[in-house]
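Visitor: If you want the building blocks of each chain, they are given just below.
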Amino acid sequence: EPEVTQTPSHQVTQMGQEVILRCVPISNHLYFYWYRQILGQKVEFLVSFYNNEISEKSEIFDDQFSVERPDGSNFTLKIRSTKLEDSAMYFCASSERGGDLIPRDAEAFFGQGTRLTVV
Amino acid sequence: QKEVEQNSGPLSVPEGAIASLNCTYSDRVSQSFFWYRQYSGKSPELIMSIYSNGDKEDGRFTAQLNKASQYVSLLIRDSQPSDSATYLCAVNAGNTPLVFGKGTRLSVIA
Numbered sequence: 319e320p321e322v323t324q325t326p327s328h329q330v331t332q333m334g335q336e337v338i339l340r341c342v343p344i345s346n347h348l349y350f351y352w353y354r355q356i357l358g359q360k361v362e363f364l365v366s367f368y369n370n371e372i373s374e375k376s377e378i379f380d381d382q383f384s385v386e387r388p389d390g391s392n393f394t395l396k397i398r399s400t401k402l403e404d405s406a407m408y409f410c411a412s413s414e415r416g417g418d419l420i421p422r423d424a425e426a427f428f429g430q431g432t433r434l435t436v437v
Numbered sequence: 003q004k005e006v007e008q009n010s011g012p013l014s015v016p017e018g019a020i021a022s023l024n025c026t027y028s029d030r031v032s033q034s035f036f037w038y039r040q041y042s043g044k045s046p047e048l049i050m051s052i053y054s055n056g057d058k059e060d061g062r063f064t065a066q067l068n069k070a071s072q073y074v075s076l077l078i079r080d081s082q083p084s085d086s087a088t089y090l091c092a093v094n095a096g097n098t099p100l101v102f103g104k105g106t107r108l109s110v111i112a
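Taken in sequence, the protein lines are chains D and A. Position in the first sequence (from 1) plus 318 gives the number in my numbering. Position in the second sequence (from 1) plus 2 gives the number in my numbering.
Calculated from the structure, these hints are not laboratory results. All figures in this text were calculated on a predicted structure; none of them were measured in a lab. Where a beta carbon is used, it is the ideal one built from N, C-alpha and C, also for glycine. Careful, some of the hints might be misleading.
What the hints assert, rightly or not - Okay, the calculated beta carbon distance ranges per label pair: (1) A:41 with D:340: 37 to 43 Å; (2) D:382 with A:24: 17 to 23 Å; (3) A:47 with D:330: 21 to 27 Å; (4) D:359 with A:68: 40 to 46 Å; (5) A:19 with D:378: 25 to 31 Å; (6) A:71 with D:340: 24 to 30 Å; (7) A:29 with D:373: 41 to 47 Å; (8) A:111 with D:348: 24 to 30 Å; (9) D:321 with A:109: 26 to 32 Å; (10) A:62 with D:358: 35 to 41 Å; (11) D:345 with A:73: 46 to 52 Å.
Stated by the list, open to error - Here are some of the chain D residues that sit facing chain A, going by a computed Cβ distance under 8 Å: (12) 361; (13) 424; (14) 431.
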């Protein structure tokens with residue numbers, strides 16, 4: 319069964335360092351997302367990406383964050399200068415389409431996550 | 003501000019019983035409603051989706067939606083210890099991103 323894959327599973331970085339989290343969405347999916355979950359808290363939306371551009375972003379997704387689809391398969395999240403409060407699980411997700419025409423197309427499938435620890 | 007509210011639990015049920023999980027949402031234009039299961043330290047796993055009022059059954063799971071009351075629920079019949087997890091309610095409207103509730107922790111006691 320197709321799945322979203324993320325690497326690495328765990329990343330430890332020093333405060334102020336740059337990190338890149340990688341994702342391979344499901345191959346026929348067109349919408350890609352990054353969510354994060356701070357330990358013990360809810361899953362929060364960061365950014366959505368469609369047709370090679372950001373379609374929506376949250377207040378969390380400030381200038382420290384960027385996303386890229388460098389080739390036909392990978393989707394990356396870069397955090398330029400990590401802060402202690404960036405420590406969280408970061409989940410990549412993909413959906414076949416948006417759900418505006420057919421709600422079922424909005425079903426989003428999540429990767430296994432990258433646990434980012436900033437020390 | 004779009005909100006999705008869930009009772010955090012824990013909800014404890016004996017093995018074989020029905021577990022009932024509830025969720026309310028604030029955005030009236032919401033169209034799509036999802037239940038995800040999340041085991042500790044793992045990612046959300048989609049288990050049910052519902053788009054129109056009424057009930058939708060899939061195996062031991064039944065999702066119920068009432069848009070007038072802005073209420074969605076998940077019933078798990080014949081609960082098993084392996085169902086012990088946090089259940090996340092998520093909602094969106096068309097192309098908007100998913101808004102998640104905090105989740106309800108379910109504990110099925112053998």
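Visitor: Now, for every hint given, state plainly whether the structure supports it.
Guide: Quick rundown of the hints versus the structure:
no.: 1; hint: A:41 with D:340: 37 to 43 Å; verdict: violated (23 Å)
no.: 2; hint: D:382 with A:24: 17 to 23 Å; verdict: violated (37 Å)
no.: 3; hint: A:47 with D:330: 21 to 27 Å; verdict: holds (26 Å)
no.: 4; hint: D:359 with A:68: 40 to 46 Å; verdict: violated (28 Å)
no.: 5; hint: A:19 with D:378: 25 to 31 Å; verdict: violated (39 Å)
no.: 6; hint: A:71 with D:340: 24 to 30 Å; verdict: violated (42 Å)
no.: 7; hint: A:29 with D:373: 41 to 47 Å; verdict: violated (18 Å)
no.: 8; hint: A:111 with D:348: 24 to 30 Å; verdict: violated (43 Å)
no.: 9; hint: D:321 with A:109: 26 to 32 Å; verdict: holds (28 Å)
no.: 10; hint: A:62 with D:358: 35 to 41 Å; verdict: violated (28 Å)
no.: 11; hint: D:345 with A:73: 46 to 52 Å; verdict: violated (36 Å)
no.: 12; hint: 361; verdict: holds (4 Å)
no.: 13; hint: 424; verdict: holds (5 Å)
no.: 14; hint: 431; verdict: holds (5 Å)
Of the numbered hints listed earlier, those contradicted by the structure are 1, 2, 4, 5, 6, 7, 8, 10, 11.
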